[in-house]
Amino acid sequence: MNPPFAAGGPPVIIPTFGSPHQYACERANGLFCLGWFKQNWGSVLWPALRQHVVLVLIAVAIGFAISMALALIAHRYRRAEQPVIWFTSFLYTIPSLALFELLVGVPGLGLSSATAEVALVAYTLLILFRNILTGLRSVPAEVHDAAEGMGMSRRQMLLRVDLPLALPAIIAGLRIATVSTIALATIAALVNNEGLGVPILNAISDSTFKTELIAAGGLAVLLAVAADALLVGTQRLLTPWARTRAA
Amino acid sequence: MQHFIDAFKFIGRNGEIPGQPHFTTLAYYSLGTLKITVIAMAISLAIALPIGMWLGHLHRGSFVAINLGNIGRALPSLAVLAIGVAFLGIGLKNVLVALVVLAVPPIITNAYVGVEQVDPDLVDAARGMGMTGLQVLRRVELPLAVPLLMAGVRTATLFVISTTTIAALTGYSDSLGEIINDEASYHLSGVLGAAICIAAMAILIELVLAVVQRVMTPAPLRRAETLALPDELIGLKTMAA
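First to last, the protein sequences are chains A and B.
Sequence positions in the first sequence follow this note's numbering and run 1 to 247.
Sequence positions in the second sequence follow this note's numbering and run 1 to 241.
Simulated from the structure, these hints should not be mistaken for lab results.
For every residue, glycine included, the Cβ atom is placed at its ideal position computed from N, Cα and C.
Incorrect hints may have been included.
[Said to hold, decoys possible] Below, simulated SDA-like cross-link-like pairs (lysine to any residue); rule was C-alpha separation at most 20 Å, straight line: (1) B:9 / A:31; (2) B:93 / A:102; (3) B:35 / B:199; (4) B:9 / B:199; (5) B:93 / A:205; (6) B:9 / B:27; (7) B:35 / B:200.
[What the hints assert, rightly or not] Ranges of calculated distance between the beta carbons of each label pair, as one might list FRET restraints: (8) A:41 / B:91: 47 to 53 Å; (9) A:34 / B:121: 32 to 38 Å; (10) A:149 / B:221: 53 to 59 Å.
[Claimed, not checked] Output of the computed footprint for chain A on chain B, the stretches with three or more beta carbons under 8 Å from beta carbons of chain A: (11) 135-147; (12) 195-201.
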């Protein structure tokens with residue numbers, strides 16, 4: 001396997017590993033070396049996990065802001081919906097590896113965190129935009145009539161009626177966007193050398209160091225499942241009226 | 001823009017790089033992608049459809065069936081492939097196992113929900129006509145579950161196709177991911193060409209499955225549905241790739 005990108009990226013933040021005595025430890029039990037895990041938690045795995053979380057939070061936050069703005073525009077002007085759907089669907093169909101490589105060639109991006117974030121944000125747009133808009137549109141007409149009858153302005157109606165009622169759909173979108181960004185961020189390690197993808201890719205190229213593969217891969221899975229559970233919990237807290245129905 | 005023109009030239013040359021005549025052809029990699037997708041989907045369907053439909057038929061195990069879908073959706077494909085490498089080593093076996101692990105949850109969940117949500121009155125009527133459990137499942141519940149069931153199959157297929165490109169990162173070299181992952185040899189035009197092939201293949205398979213769904217749906221239930229491509233393509237990145 002050839003390295004996908006030429007050398008000359010940012011300085012390696014996470015040290016390379018897999019020295020002979022570590023392999024000896026793994027050979028002793030065949031699969032997982034707990035000693036290596038403990039020894040490298042503070043210097044390798046924890047920083048990678050933290051970087052991963054930051055990477056995902058930034059991407060989802062920016063993606064959410066853009067999608068929310070687009071959805072509000074499309075909510076008001078119906079004609080804006082289709083072009084946004086076309087564009088974001090187009091972005092979505094680009095295989096992630098190809099998008100990363102394409103963006104690396106863009107002047108000013110190169111091998112950097114910015115490149116990773118641009119790609120990750122691009123992939124959140126379709127899901128978030130569709131879910132926010134679906135949520136806003138699903139508010140029953142009677143509810144609108146009642147709000148209008150109460151004398152609410154358009155702005156009040158949006159903030160106090162439409163958005164709260166759209167919350168379950170919005171959070172459902174955030175769940176999908178977050179877990180898929182966590183997954184894509186492991187691949188983004190190719191361009192920014194950050195996050196859990198770094199130890200994973202390292203361990204694969206380094207004659208498959210099993211302990212590291214299991215530890216870093218396991219952390220990525222746990223992070224995704226935990227983030228999903230956290231968002232479900234948030235939704236239950238924010239929408240007490242929906243608790244009787246299935247979340 | 002020049003890159004895109006070169007990408008189509010690359011496709012036109014069947015993946016040959018000028019001056020390097022010994023490269024494996026684009027058609028070979030495309031067929032490899034298709035082959036592993038079909039094998040992985042065949043295994044996943046054989047495992048997931050009976051389980052999902054049977055649980056739905058019994059109206060049991062909703063917690064497991066629904067949450068399996070949620071957890072499955074959260075699994076990062078590179079992480080699954082990486083953990084698989086630790087247990088199975090690099091190669092076809094590991095990639096197949098990872099693809100099946102990623103494809104099974106959405107199929108089970110959708111098959112379960114599809115069968116489970118069939119109108120109980122219809123099932124009662126079928127039983128009143130003297131149908132056995134298996135007959136009810138095959139002749140009443142299954143036809144009515146087709147739309148949801150096929151939605152799961154379509155989502156899973158797209159996960160599988162997109163994950164085959166990620167598999168190249170773990171050293172599996174018989175798919176289009178090999179080109180996408182090797183910019184040094186194929187240049188950006190080759191990477192884009194392979195990406196276009198993957199996207200085209202995803203859309204083509206999507207169309208085939210839409211036709212399959214239409215054929216499986218009983219005639220009276222068929223409506224003049226449009227093929228909602230963007231809807232289904234949502235699945236492409238959901239599990240990560």
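Structure-based check of all given hints:
1. B:9 / A:31: violated, 46 Å
2. B:93 / A:102: violated, 30 Å
3. B:35 / B:199: holds, 16 Å
4. B:9 / B:199: Cα-Cα ~17 Å, so holds.
5. B:93 / A:205: Holds, at about 18 Å.
6. B:9 / B:27: Roughly 14 Å between the alpha carbons, so the hint for residue 9 of chain B and residue 27 of chain B holds.
7. B:35 / B:200: Holds, at roughly 16 Å.
8. A:41 / B:91: 47 to 53 Å: The hinted range 47 to 53 Å is violated for residue 41 of chain A and residue 91 of chain B, with Cβ atoms some 30 Å apart.
9. A:34 / B:121: 32 to 38 Å: Cβ of residue 34 of chain A to Cβ of residue 121 of chain B: about 57 Å, so the range 32 to 38 Å is violated.
10. A:149 / B:221: 53 to 59 Å: The hint (53 to 59 Å, Cβ to Cβ) is violated, given that residue 149 of chain A and residue 221 of chain B are roughly 41 Å apart.
11. 135-147: n = 0 at 8 Å, threshold three: violated.
12. 195-201: As far as the stretch 195-201 of chain B goes, the hint holds, because 3 residues have Cβ atoms under 8 Å from chain A.
Violation of the numbered hints given earlier is confined to hints 1, 2, 8, 9, 10, 11; the remaining hints are satisfied by the structure.
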